[in-house]
Amino acid sequence: MAGSANLMSRPAARYFVGLGLPFAGVCGLIPVLEQVHLDFAGMPFILNWMFAWYILTTLCLSACWCLFDRNRKDEEPG
Amino acid sequence: MRNQAEFMELAVFGAVIAFSLGIVLLSRRGHAAAGLKDYFVASRRFGGILLFFLSVGEIYSIGGLLAFPGGIYAHGVPFAVWFVGYLLLSVPVGYFLNPWIWRAAKRFDALTLPDLFAGQFGSRGLELIVTLTAILFLIPWGTMQFAGLGVVLEGLGLPVTGWPLMLMAAGLAFTYIALAGVRAPAYVSILKDVLMIAAIVITAIAVLHVASPQSLAAGWGEKQGALLTPPQTRYAMSTLLFQALGLYMSPLSMSYLFTARSGNSIRRAQISMPLYMFMFPFLALIALWVRVDGAGLASPNQAFIVAVNTLLPAPLVGLVAAGAALSGLVVLAGICLAIGPLVSRNLLTGLNEQQQKRGAQVVIVAYLLLSVVCAATSSSIMVSMNNLTYIGTTQFLPGVLAIIALRQVSPLAIAVGILAGDFIGAGLFLGNISVFDINDGLIGLIVNACVLLVGARIMPDRRVVVPVCHA
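One line per chain: the protein sequences are D and X, in this order.
Just so you know, we're using our numbering here: the first sequence kicks off at 2 and counts up by one.
Just so you know, we're using our numbering here: the second sequence kicks off at 369 and counts up by one.
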């Protein structure tokens, strides 16, 4: 419980999970991913990677919700 | 035989449009004598599900249906990376930013974006500049919907084309709004999305019936060295970042956001949005098939239409046409609901609630007619219009962040920042001037933010203006 309270008080972790990871994964890795020449299901690897982030971004935001926001009062944004 | 097919197509199309009108009539039950706030922002009572369908209208809009396959057909990988990336990254931006904007809207009882600026800074001049630039950059958006409707419905072989088709679409959009205000696009969005998803999945299955994904891979072209050239990488990354930041700054997205019941309903709606983009791999397959098949297109925007016409039977073509029409109409209705009060509430002053509502409806009719005229004379520049809208509306971001978090920012600094961002972004774009292949709007946005911050430092606002995060 104490660990949970500690996590709740860390806005940096919240922004890292919800915002930092998707931006790094989708935007930050473009210069690296464009060099990869693997195809899967007829698509270049970079596009498969992008499409995979549909699921990964949802997971990141779900983690944000569960760890930081679920118990937030409705009038209390952030 | 051809006549029978056309009849089937038209019958299905007409039935779906009639069904959508039935949905609109049902949505107004209990709200027939709606006041101003209920008409434009549903009295801020939409929960996560309705908010979700309103907000994702942008994802499966008629522009997306045409532009994504068309862009892949014409430009291949770089276009797909940018398009997928910016829509995806706008979602986490919205998760964090939108509850703050909603809180500001609640604090100032805002119905429009300029209401936020007027409420926070009490400056009529700033309110006017935000209003006028919002209207200016919303005009291309409506034109684009009509141009898209023309491409889809004419391409799918509906017997009505050109001016009559666009006027009918305008009449239908106005009927939706007049009957139920913002509830109309919200409820029709559900039907629209079901049809769009069905249309895309069925067409993709038809493609996979005649070609394997491996055989379609040739559509991406020869791969030697990097998939994107360095200028393409710089442009893709900067555009992706710029549009991800700007998607929710559109007065249209803002008015949808104001319908939310709470900050948490916004967060819940945002979480599942990325999963809702699962149609794009299917659209990419469809575009590749058209590219590999070698069908000659008059315009890349016809890629999806050509696949539908070639692969699907007439009743399904009618279903696709109806879904596409609804996607244009829903966004059009939303734009009208955003632009009407901008004029009747923020541009004009001293009108009571009833006059604002009537005034907005007059403005909406004028806006629809103007958009029809523009679309009939400039349908070939859809991508340019899309870019110009983003360049303009994203310039509201520094000002919105100031409302949320900054003290002592003068309204003059915000106004000059918006104008500087607009002039530089639109100027570079229209003048076709490239600065290290960085997105023109992003350069404008950086200048805009610098003007705001320097302005706040050298001529701070001495009044006590409490930002929303400290209120």
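A portion of the hints provided could be inaccurate.
Said to hold, decoys possible - Have a look at the derived ranges for each label pair, beta carbon to beta carbon:
id: 1; chain 1: X; residue 1: 800; chain 2: D; residue 2: 37; range: 43 to 51 Å
id: 2; chain 1: D; residue 1: 42; chain 2: X; residue 2: 376; range: 45 to 53 Å
id: 3; chain 1: D; residue 1: 64; chain 2: X; residue 2: 821; range: 26 to 34 Å
id: 4; chain 1: D; residue 1: 40; chain 2: X; residue 2: 566; range: 27 to 35 Å
id: 5; chain 1: D; residue 1: 17; chain 2: X; residue 2: 821; range: 31 to 39 Å
id: 6; chain 1: D; residue 1: 40; chain 2: X; residue 2: 665; range: 19 to 27 Å
id: 7; chain 1: D; residue 1: 40; chain 2: X; residue 2: 666; range: 24 to 32 Å
id: 8; chain 1: X; residue 1: 827; chain 2: D; residue 2: 42; range: 39 to 47 Å
What the hints assert, rightly or not - With the C-beta cut set under 8 Å, the calculated list includes, among others, these residues of chain D facing chain X:
id: 9; residue: 17
id: 10; residue: 27
id: 11; residue: 35
id: 12; residue: 45
id: 13; residue: 51
id: 14; residue: 56
id: 15; residue: 72
To be clear, the hints were calculated from the coordinates, so they are not data collected in a lab.
Quick caveat, the model's predicted, so the values are computed rather than measured.
Idealized CB from N, CA, C, for every residue including glycine.
How the hints compare with the structure:
1. Residue 800(X) and residue 37(D) have their C-beta atoms about 32 Å apart, which leaves the hinted 43 to 51 Å range violated.
2. Our hint of 45 to 53 Å for residue 42(D) and residue 376(X) is violated, since their Cβ atoms are close to 34 Å apart.
3. Between residue 64(D) and residue 821(X) the beta carbons are some 33 Å apart, a value that agrees with the proposed interval 26 to 34 Å.
4. A hinted range of 27 to 35 Å for the beta carbons of residue 40(D) and residue 566(X) is consistent with their spacing of about 28 Å.
5. Between residue 17(D) and residue 821(X) the Cβ separation comes to about 25 Å, which falls outside the hinted range of 31 to 39 Å.
6. At about 25 Å, the CB distance of residue 40(D) to residue 665(X) agrees with the hint of 19 to 27 Å.
7. For residue 40(D) and residue 666(X), the Cβ-Cβ distance of about 30 Å falls inside the hinted range of 24 to 32 Å, so the restraint holds.
8. The hinted range of 39 to 47 Å is not satisfied by residue 827(X) and residue 42(D), whose Cβ atoms lie roughly 57 Å apart.
9. The beta carbon of residue 17(D) comes no nearer than 11 Å to any beta carbon in chain X, farther than 8 Å, and the hint placing it at the interface is violated.
10. For residue 27(D), the suggested interface contact is upheld, since its CB lies about 5 Å from the closest CB of chain X, less than 8 Å.
11. Using the Cβ-Cβ criterion of 8 Å, the hint placing residue 35(D) at the interface with chain X is satisfied: the shortest such distance is roughly 5 Å.
12. Contact between residue 45(D) and chain X, as hinted, is supported at the beta carbon level, the nearest pair being about 6 Å apart and thus within 8 Å.
13. A hinted interface residue such as residue 51(D) counts as satisfied when its beta carbon comes closer than 8 Å to some beta carbon of chain X; here the least separation is about 5 Å, so the hint holds.
14. For residue 56(D), the interface hint holds, since its Cβ comes within 8 Å of a Cβ in chain X; the closest pair sits about 7 Å apart.
15. Checking residue 72(D) against chain X by beta carbon gives a least distance of about 10 Å; that is not within 8 Å, so the hint is violated.
Of the hints listed earlier, those the structure fails to meet are numbers 1, 2, 5, 8, 9, 15, in rising order.
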